[in-house]
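Trainee: Take a look at the letters that make up each chain.
Number of protein chains: 4
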Amino acid sequence: MIDAGRPRLIALLHGPDRSGLVAGVSGWIYHKGGTILHADQHHDATTGAFFQRVEWGSSSGDPATEAAAFREYATQELGMVVSIALHARRPRVAIFVSQHVHACHELLLDWKQGDLPGDIVAIVSNHTAMEASAEHYHLPFHHLPVTQTGKATLEAKQLSVLRDLHVDLVVLARYMQILSEDFLCQVGCPVINIHHSFLPAFAGARPYHQAHTRGVKLIGATAHYVTPVLDDGPIIHQEVRRVSHRDTVGDLLRKGRDLEKLVLSEAVRLHLEHRVLIYENKTVVFD
Amino acid sequence: MIDAGRPRLIALLHGPDRSGLVAGVSGWIYHKGGTILHADQHHDATTGAFFQRVEWGSSSGDPATEAAAFREYATQELGMVVSIALHARRPRVAIFVSQHVHACHELLLDWKQGDLPGDIVAIVSNHTAMEASAEHYHLPFHHLPVTQTGKATLEAKQLSVLRDLHVDLVVLARYMQILSEDFLCQVGCPVINIHHSFLPAFAGARPYHQAHTRGVKLIGATAHYVTPVLDDGPIIHQEVRRVSHRDTVGDLLRKGRDLEKLVLSEAVRLHLEHRVLIYENKTVVFD
Amino acid sequence: MIDAGRPRLIALLHGPDRSGLVAGVSGWIYHKGGTILHADQHHDATTGAFFQRVEWGSSSGDPATEAAAFREYATQELGMVVSIALHARRPRVAIFVSQHVHACHELLLDWKQGDLPGDIVAIVSNHTAMEASAEHYHLPFHHLPVTQTGKATLEAKQLSVLRDLHVDLVVLARYMQILSEDFLCQVGCPVINIHHSFLPAFAGARPYHQAHTRGVKLIGATAHYVTPVLDDGPIIHQEVRRVSHRDTVGDLLRKGRDLEKLVLSEAVRLHLEHRVLIYENKTVVFD
Amino acid sequence: MIDAGRPRLIALLHGPDRSGLVAGVSGWIYHKGGTILHADQHHDATTGAFFQRVEWGSSSGDPATEAAAFREYATQELGMVVSIALHARRPRVAIFVSQHVHACHELLLDWKQGDLPGDIVAIVSNHTAMEASAEHYHLPFHHLPVTQTGKATLEAKQLSVLRDLHVDLVVLARYMQILSEDFLCQVGCPVINIHHSFLPAFAGARPYHQAHTRGVKLIGATAHYVTPVLDDGPIIHQEVRRVSHRDTVGDLLRKGRDLEKLVLSEAVRLHLEHRVLIYENKTVVFD
Numbered sequence: 002m003i004d005a006g007r008p009r010l011i012a013l014l015h016g017p018d019r020s021g022l023v024a025g026v027s028g029w030i031y032h033k034g035g036t037i038l039h040a041d042q043h044h045d046a047t048t049g050a051f052f053q054r055v056e057w058g059s060s061s062g063d064p065a066t067e068a069a070a071f072r073e074y075a076t077q078e079l080g081m082v083v084s085i086a087l088h089a090r091r092p093r094v095a096i097f098v099s100q101h102v103h104a105c106h107e108l109l110l111d112w113k114q115g116d117l118p119g120d121i122v123a124i125v126s127n128h129t130a131m132e133a134s135a136e137h138y139h140l141p142f143h144h145l146p147v148t149q150t151g152k153a154t155l156e157a158k159q160l161s162v163l164r165d166l167h168v169d170l171v172v173l174a175r176y177m178q179i180l181s182e183d184f185l186c187q188v189g190c191p192v193i194n195i196h197h198s199f200l201p202a203f204a205g206a207r208p209y210h211q212a213h214t215r216g217v218k219l220i221g222a223t224a225h226y227v228t229p230v231l232d233d234g235p236i237i238h239q240e241v242r243r244v245s246h247r248d249t250v251g252d253l254l255r256k257g258r259d260l261e262k263l264v265l266s267e268a269v270r271l272h273l274e275h276r277v278l279i280y281e282n283k284t285v286v287f288d
Numbered sequence: 002m003i004d005a006g007r008p009r010l011i012a013l014l015h016g017p018d019r020s021g022l023v024a025g026v027s028g029w030i031y032h033k034g035g036t037i038l039h040a041d042q043h044h045d046a047t048t049g050a051f052f053q054r055v056e057w058g059s060s061s062g063d064p065a066t067e068a069a070a071f072r073e074y075a076t077q078e079l080g081m082v083v084s085i086a087l088h089a090r091r092p093r094v095a096i097f098v099s100q101h102v103h104a105c106h107e108l109l110l111d112w113k114q115g116d117l118p119g120d121i122v123a124i125v126s127n128h129t130a131m132e133a134s135a136e137h138y139h140l141p142f143h144h145l146p147v148t149q150t151g152k153a154t155l156e157a158k159q160l161s162v163l164r165d166l167h168v169d170l171v172v173l174a175r176y177m178q179i180l181s182e183d184f185l186c187q188v189g190c191p192v193i194n195i196h197h198s199f200l201p202a203f204a205g206a207r208p209y210h211q212a213h214t215r216g217v218k219l220i221g222a223t224a225h226y227v228t229p230v231l232d233d234g235p236i237i238h239q240e241v242r243r244v245s246h247r248d249t250v251g252d253l254l255r256k257g258r259d260l261e262k263l264v265l266s267e268a269v270r271l272h273l274e275h276r277v278l279i280y281e282n283k284t285v286v287f288d
Numbered sequence: 002m003i004d005a006g007r008p009r010l011i012a013l014l015h016g017p018d019r020s021g022l023v024a025g026v027s028g029w030i031y032h033k034g035g036t037i038l039h040a041d042q043h044h045d046a047t048t049g050a051f052f053q054r055v056e057w058g059s060s061s062g063d064p065a066t067e068a069a070a071f072r073e074y075a076t077q078e079l080g081m082v083v084s085i086a087l088h089a090r091r092p093r094v095a096i097f098v099s100q101h102v103h104a105c106h107e108l109l110l111d112w113k114q115g116d117l118p119g120d121i122v123a124i125v126s127n128h129t130a131m132e133a134s135a136e137h138y139h140l141p142f143h144h145l146p147v148t149q150t151g152k153a154t155l156e157a158k159q160l161s162v163l164r165d166l167h168v169d170l171v172v173l174a175r176y177m178q179i180l181s182e183d184f185l186c187q188v189g190c191p192v193i194n195i196h197h198s199f200l201p202a203f204a205g206a207r208p209y210h211q212a213h214t215r216g217v218k219l220i221g222a223t224a225h226y227v228t229p230v231l232d233d234g235p236i237i238h239q240e241v242r243r244v245s246h247r248d249t250v251g252d253l254l255r256k257g258r259d260l261e262k263l264v265l266s267e268a269v270r271l272h273l274e275h276r277v278l279i280y281e282n283k284t285v286v287f288d
Numbered sequence: 002m003i004d005a006g007r008p009r010l011i012a013l014l015h016g017p018d019r020s021g022l023v024a025g026v027s028g029w030i031y032h033k034g035g036t037i038l039h040a041d042q043h044h045d046a047t048t049g050a051f052f053q054r055v056e057w058g059s060s061s062g063d064p065a066t067e068a069a070a071f072r073e074y075a076t077q078e079l080g081m082v083v084s085i086a087l088h089a090r091r092p093r094v095a096i097f098v099s100q101h102v103h104a105c106h107e108l109l110l111d112w113k114q115g116d117l118p119g120d121i122v123a124i125v126s127n128h129t130a131m132e133a134s135a136e137h138y139h140l141p142f143h144h145l146p147v148t149q150t151g152k153a154t155l156e157a158k159q160l161s162v163l164r165d166l167h168v169d170l171v172v173l174a175r176y177m178q179i180l181s182e183d184f185l186c187q188v189g190c191p192v193i194n195i196h197h198s199f200l201p202a203f204a205g206a207r208p209y210h211q212a213h214t215r216g217v218k219l220i221g222a223t224a225h226y227v228t229p230v231l232d233d234g235p236i237i238h239q240e241v242r243r244v245s246h247r248d249t250v251g252d253l254l255r256k257g258r259d260l261e262k263l264v265l266s267e268a269v270r271l272h273l274e275h276r277v278l279i280y281e282n283k284t285v286v287f288d
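Chains as they are written, first to last, in the numbering used here: chain A, 2 to 288; chain B, 2 to 288; chain C, 2 to 288; chain D, 2 to 288.
In isolation and in its complexed conformation, chain A is listed as follows:
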């Protein structure tokens, strides 16, 4: 029986497939005295790429050193691109939100419930709609409104907040400002956004109005990593819900809120559990 109490490491690897990769990784872990808890691999027959997520219990007293050694091995010996995390280290998350607060509340409740394998460390907003709730949850609230001094000044303040808090992930929970390419270069961590449509349908502004005009029978929401091209980043998770001619734009907005909060919450959980690997503007999600 396996001891769940030992320190755990999680590695995400990808690179050109060749014989012996699974044997190499599992053999390395076995010889270090580790025990594999989960391992999932994927071979993309089209591109010849190999992807793996492996999670193991370490028997060494120093998991950080073991992580470094594994990275060295998988990079040098196996030719893989490696990302490795210590399970015990909880990632630090900042939420950006504007006046639509449902997705932000969902993340806060997930966190309080213990369902989020990370910690929310700040709420950043160009509005004050979340200020009282942030206080209720004893969370720092940074009110950074859009002003005449311009986007560059605003983003500089945002980046300063994120750096001070050592943030590992930024979540745009219906944050209605477009982040500049410069911001994305400097932020130094992934940014996850929730788009309120089934991308690539209805990219851009007012997707529920677009959906209503087109007369679709399903509406959707899409969580994706943010890239400089608007609404075009790698998709992490999507859901849809049935609508009909009876639904006004207001009904679509209401139904969409449920979709948005669930899809974003699931995407953030998948990311924080180190289940998402980005590859050629797509994701491999080990769920």
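Take the hints with a grain of salt, since some may be wrong.
[Unchecked claim] Beyond 12 Å from chain D on every Cβ pair, some chain C residues (computed):
| hint | residue |
| --- | --- |
| 1 | R91 |
| 2 | G115 |
| 3 | V122 |
| 4 | T154 |
| 5 | K256 |
[To be verified] Computed list of lysine-lysine pairs in DSBU-like fashion (alpha-carbon distance at most 30 Å, straight line):
| hint | chain 1 | residue 1 | chain 2 | residue 2 |
| --- | --- | --- | --- | --- |
| 6 | C | K113 | A | K113 |
| 7 | D | K113 | D | K256 |
| 8 | B | K256 | D | K113 |
| 9 | A | K256 | B | K256 |
I should point out that these hints are in silico values taken from the structure, not numbers from a laboratory.
Each residue gets a CB set at the ideal place from its N, CA and C atoms; glycine is no exception.
Given the coordinates of chain A, work out where chains B, C and D should sit on it, guided by the hints.
Mentor: Same frame as chain A, now just chains B, C and D:
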């Protein structure tokens, strides 16, 4: 208790909403001795339009004359656009198909099962993949291949077949040729197509390849009325199914086949039951 | 075009079907100067029962008197059982909750968002987990723990709270005590419960453990009206979600929380919009 | 890049978990010159059991001998229960069907489409509804009606047919007779059944009638392995579909047909791809 054996009429109405429309329609039917079996109405608050589907049992011995009288009343007195059908008259359906035969087989099995409130009267194809099955079901099979004589000649032959058979509906069950605007003008009945994506995402050719490239997490299928603008007609029904990075394009094609056949079959059933009303390039589906 | 600003009435009717019911109801409303906004009827061919929901804009200055007159008419002249509500009167809701707070939070956020056509007026709990949040939302919190003095005493206190607040609906948002038949007789308003399984599978205690043992591939949640027979009342709404062998009981609990909160929230909304009619231990939901 | 043309082996293993299992299996394959194409493992934290599906390309000219050697290794050295299949060997399937033919047709069309990794070799029926279609597909049709000579005689004939055809899987595609425990002992291969409800709700006869009486809002279908206890065997796959008060029992039957055929078809495909492992009356499905 209502006598289910009496002749039934089904009317679809739409026009500008005003007080007394429901009372007018139901009063007219009541005074003719009819009994309403189903009635469903919709008021579009944005445009001020009224939509109704009403199905009633007639006590007159001549439902065709009653239908004409109702149309006269609803048009003249209520200002409605009216479409009216006798339940006993089974619409005649022609299926167009190319080499992908799953959606065509689904319709044939629905029909044989008694689930289709209409009759399939012919299969038209530019391939021979369905020839033996058509014979098995004792159905006329028209092999009209695409030849060097050109699309106009081919479409003239197709139109001739449809006219000879007095067809009420053409169903494109993965028919891989684009119908010309001229064909659509002359065909004289609705044409329903199945598109193998969640429209408006991935319109045009090879949608599963497009979906695979974009890395979406759901694939879909869309049944719609055909209009001269490709993949842009009023949507009748849509469904999606979850996919992952593990799915090759081949897997998407296989999963898509199930979606396509179910979505098309449902759309055809809804149309043949007179449940679909077209309005401003959208549909009102009374289900 | 219809004036949305006029007072609105909503009637739910059911009784034995006969000719002229739709004409009678719509004619009555028309002659009073009312305008039908929505009307939906259902004829149950098996039992010969008629069901209708009709919502209209009144032109009288006294909608309460109009409601009484309509009830008189539909009862006496049409032989219907009638329930009628003024749209402007917001129902008053009390939430009962124990230590699992996700479904309670969902209802509170819906209410704050403006998605709940009623008002939450109190939280009643045998635990204190919701106390701080109730205070944050400026809501009365009644901590009524289960003590040695017994269930009868506890329920008497609960009934007293409900009477003082003139409650129209009690929602059991994961309230883990069984209400006595005596309580249900005296409460004088409907009680909606969320059961954490796809009823009738896994009625009773620890349904996720039961589901895990049976190895089902979908888990569900069921919102239903409470009757003296445990988990047997009329079902309002149900949803399911896919699970696999990878899901531990803990994972089922987490996935179940999302189901529970969404299903309960939808059921409460449907009830408060007067869309649910109870008939022979089943519901007719006009959505 | 991996050569897809080499012979492939697929192994399913389960047994008590311990360190080194993944390394052992992947190392064995690597040292034989094999290349892992897919590998998926699962550790059940509750029971301490390990489950694995591993599929590899063999470089030996004799995959049958390699399979035997692997079985020997995994059984003796790793303490696993092992099932191993050669990808090139297509399992032989017999379909049992009564008068409801939709699920049988679905399997036949899947097979003809090339979506079924096995071969249908016979249809056995107590009715003649499928006789003409069997002939159309050039398939042996065995009409074995239920007669006064009794179930034992009938089952002896069925077993004789199955033995003569060297059948690897029996699929009950709406076969309405209960198979005896004696038959199940002697059949010598798995038997998959489609039950027309979301088990464990509505086990036994006439589940759609049961569902209609209970007033559920979703109906389902369940594919499971047959065991001597009726409707209690390990569940392979389940799906549900929304229904409402508008649906008569006839509508539930129609909607159910789509569910049944899709769920059974998916379960058969999963089984034939060696993705299903039975464990404690549950399944582990590696999909």
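Trainee: Since R91 (chain C) was said not to touch the interface, does its Cβ keep a gap of more than 12 Å from each Cβ of chain D?
Mentor: With a cut-off of 12 Å, R91 (chain C) remains clear of chain D, as the shortest Cβ separation is near 26 Å.
Trainee: Take the C-alpha atoms of K256 (chain B) and K113 (chain D), compute the straight-line distance between them, and say whether it is at most 30 Å.
Mentor: With Cα atoms ~16 Å apart, K256 (chain B) and K113 (chain D) stay inside 30 Å; holds.
Trainee: Measure nothing beyond the straight line between the CA atoms of K113 (chain C) and K113 (chain A); if it is 30 Å or shorter, mark the hint as holding.
Mentor: The hint holds at about 19 Å.
Trainee: So V122 (chain C) supposedly isn't at the interface. Is its beta-carbon more than 12 Å from every beta-carbon in chain D?
Mentor: holds (29 Å)
Trainee: If we take the beta carbon of T154 (chain C), is the closest beta carbon in chain D still more than 12 Å away?
Mentor: holds (35 Å)
Trainee: For the pair supplied as a hint, K256 (chain A) and K256 (chain B), confirm whether the alpha-carbon distance does not exceed 30 Å.
Mentor: Distance ~27 Å between K256 (chain A) and K256 (chain B) Cα, so the pair holds.
Trainee: Since K256 (chain C) was said not to touch the interface, does its Cβ keep a gap of more than 12 Å from each Cβ of chain D?
Mentor: holds (15 Å)
Trainee: Far enough from chain D: is every CB of that chain over 12 Å from the CB of G115 (chain C)?
Mentor: Holds, since 26 Å exceeds 12 Å.
Trainee: Holds or violated: K113 (chain D) with K256 (chain D), Cα cutoff 30 Å?
Mentor: Given that 30 Å is the threshold and the Cα spacing comes to 24 Å, the pair holds.
Hint compliance for this structure: every hint is met.
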